[in-house]
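A.B. asks: If you want the building blocks of each chain, they are given just below.
Number of protein chains: 2
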Amino acid sequence: MPEEPAGGDLSRLRQLNAVAVLRESRGTQPLTLTELSKRTGLSRASTEDVARDLLGRGWLAEVAPTPGTVGRPARRYRFNSGAGRLLGVDVGGHKILALVTDLDGEVLHQARVEVPAEAGRRERLAAVDRCITKALTAAGGEGGGASIWATGVATTGLVDGTGKVMLSDSLPEWSGVDLGRQVRRLVPGAVRVENDCKLAALAETWRGVARYAKDVVFLLAGLRTGAGLIIDGKLHRGFANWSGEIGALPAAGWQQAPTHLHDWLSKHPTTGPDGFERVFVAARAGDQGAQRAVEEYVKDLAVGASALVLTLDPQLVVIGGGFSRSADVMVEPLRRELERWCLRTPEIRVSAFADEGVALGAVRMALDEVETAITDGLRP
Amino acid sequence: MPEEPAGGDLSRLRQLNAVAVLRESRGTQPLTLTELSKRTGLSRASTEDVARDLLGRGWLAEVAPTPGTVGRPARRYRFNSGAGRLLGVDVGGHKILALVTDLDGEVLHQARVEVPAEAGRRERLAAVDRCITKALTAAGGEGGGASIWATGVATTGLVDGTGKVMLSDSLPEWSGVDLGRQVRRLVPGAVRVENDCKLAALAETWRGVARYAKDVVFLLAGLRTGAGLIIDGKLHRGFANWSGEIGALPAAGWQQAPTHLHDWLSKHPTTGPDGFERVFVAARAGDQGAQRAVEEYVKDLAVGASALVLTLDPQLVVIGGGFSRSADVMVEPLRRELERWCLRTPEIRVSAFADEGVALGAVRMALDEVETAITDGLRP
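Note that the protein sequences, when read in sequence, are chains G and L. First residue of the first sequence: 105, per my numbering; consecutive thereafter. First residue of the second sequence: 105, per my numbering; consecutive thereafter.
No lab work stands behind these hints: they were computed from the structure. Check each hint, because a few of them may be wrong.
Which copy? The list can't say, so a pair holds if one copy fits it or any two copies do.
Straight-line Cα separation of at most 27 Å, DSS-like style, residue types lysine-lysine; simulated pairs [what the hints assert, rightly or not]: (1) LYS199 x LYS142; (2) LYS238 x LYS268; (3) LYS371 x LYS403; (4) LYS338 x LYS268; (5) LYS338 x LYS318; (6) LYS238 x LYS199.
What you are looking at is a predicted structure, and each value in this text was computed from that prediction instead of being measured.
So here's chain G without its partners, still in its complex pose (with noise of 0.2 Å):
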């Protein structure tokens, strides 16, 4: 670490300091003061100081010292979590979630709204202000938003820097929709609006099955077909957010895949809604017909899963999106395809979320935001 500049930027040097403390202190343990200077490598005094002044934000928290303990202990410290909120908030096809969290991202507090797969733009609006009102108000009543530090959104299609969805091919008339506007009208702080493949993808590194994992392709696998992709432990975004997009290449088979599964249901109308779904149950109960509609599926899924995994060599693919659910029918089929392209196949691992992983990615961005104005010195 190099030493102190001669005629530094003290003020700069100070935010440092209390980004470095602010660091040691997320972690599980309280520590004194001593433990925070040997941590941060900064000078006992320095310490103190950064320390009274997080205290007075109420970014740091003094912990009770242990009962019993022998002598006037050493005073404790801790990141205190609870000192804002986190909003993520997943506007999908068929549902609206929004989670409260805390500053460490445990959730607190949900609320869920259900929405028509064919809702115009002006209803699934009208839903997502009732979903993310329903959960502040239980995050702490009439005035629960003001608690919010910053708010991640998630939705389907391309989104640009300031939340407003540049191309949306799956919900009808939600492209052009300014969702960042949208929200921004109900909670105070940041709010920022992504993709959400890119957003699950986010969440299985953070809290999921990839958190080992630096280098990782999530699929989505569900009512559409998309992509995330981790790059040496961060979000890829590409330079105009568009990344992740091999499925608009027709040779990529992802437009194509789930004609196979249409085709059987088809052939085999019932009623009941998340059609799809009967597919892989006929599968699993040994229905050659829905076994190889599966088949033709993973085929074409796995030309463009191919593609990623030869591009980008990554250490796991995860798959993740309503049809990892029926992971027994579908992830050994979809390895034997990876096998037959890819020189080298990597691991493969369903998502362990049930449907909050985009909503969780959400936070996690949310979380970012307040890391990135604590790190520049900004009162969030």
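The hints should help you fit chain L onto chain G, whose structure is shown.
C.D. replies: Showing chain L alone in chain G's frame:
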């Protein structure tokens, strides 16, 4: 910048200070101790201390004062790029090219040895030896090798971390060659071997047309088709160094692409080397059959290229390899095809290197080795 650690490791601190001074002293202008102190944030005393050590090692050089300076001029220092040499070797299909450079990567000597495409392992390895020996002799007679601090070697095929070629489709008997061991016999210092497409990509961001871009797809279009990826300013290798191999997927079109050129050539036989060049020459001269062959070639090339672009959303695609010399008949059709498939078409540029790009990338990799070694405080 955090302050000096209370009980930190001082030798580690000195190393980091030395790296800071070296980094600042690599600019175009020599600097005084006062300027070095200001730029590194180190105290005057520490700067003097570090500079003395680096002068002793020969890594820093004192620059003669500007004539006509009034009074006693302050001493000025700069990085001594002449303290050592780097070697970059391109083991290609038709040639071996070796570059000897200074520590700034300026080419001082080069040697080239032609080798037939059908040459087997032994013949090609002998040519590698001959080429390196020629370059080292030019660099300093019999003892020319002694000044080499690090060596980068480029080869077709997939390479492991020790410098062994794991798989090569294009060169006979080349899979399994221990190229690292071969080259280590001839030079001291670290020897690192890497795939040629990856190193060509590296060269473009270092000294080529991609200097300004952080996300780049390099496309090798020639007798072989291949790709190298720069992501977030760094060469993307992948988990097992197998990235960029989308050409292995038949659906990507690259295996089929050259057959269109072959077909035209087989219908228009003449003698002469470099057959493929003839198709482009004929297309440029207005031969409609040749134009169609180039068109079909580009169409197939564009499928895999679009898959890369849709996956990564790069700022820039660089076209290199033998066919890039026929950019006038190839780039516009390629742009049209990319526009057809991609959601956002990135900039397309043609490599400005003749055929030294890959060897320059090997030099850059050798320079990385030296910089890592300096950071790690080891004498390279």
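A.B. asks: Which holds for LYS371 with LYS403 at a C-alpha limit of 27 Å: within a copy, between copies, both or neither?
C.D. replies: within (21 Å within a copy, 37 Å between copies)
A.B. asks: Measure nothing new, just compare the shortest in-copy and cross-copy C-alpha distances for LYS338 and LYS318 to 27 Å and report within, between, both or neither.
C.D. replies: Cα proximity of LYS338 and LYS318: in one copy and across copies (8 Å, 15 Å).
A.B. asks: Within, between, both or neither: how does the pair LYS338, LYS268 come out at a Cα-Cα threshold of 27 Å?
C.D. replies: Answer is within; shortest intra-copy Cα gap is 23 Å, inter-copy 30 Å.
A.B. asks: Is it within a copy, between copies, both, or neither that the alpha carbon of LYS199 lies no farther than 27 Å from that of LYS142?
C.D. replies: Classified as neither; 48 Å inside a copy, 57 Å across copies.
A.B. asks: State whether the alpha carbon distance between LYS238 and LYS268 is at most 27 Å within one copy, between copies, both, or neither.
C.D. replies: Within one copy only: 23 Å inside a chain, 60 Å across chains, cut-off 27 Å.
A.B. asks: Checking LYS238 and LYS199: alpha-carbon separation at most 27 Å within a copy, between copies, both or neither?
C.D. replies: Only inside one copy: LYS238 and LYS199 sit 14 Å apart there, 69 Å across copies, limit 27 Å.
Violated hint for the displayed structure: number 1, the only one.
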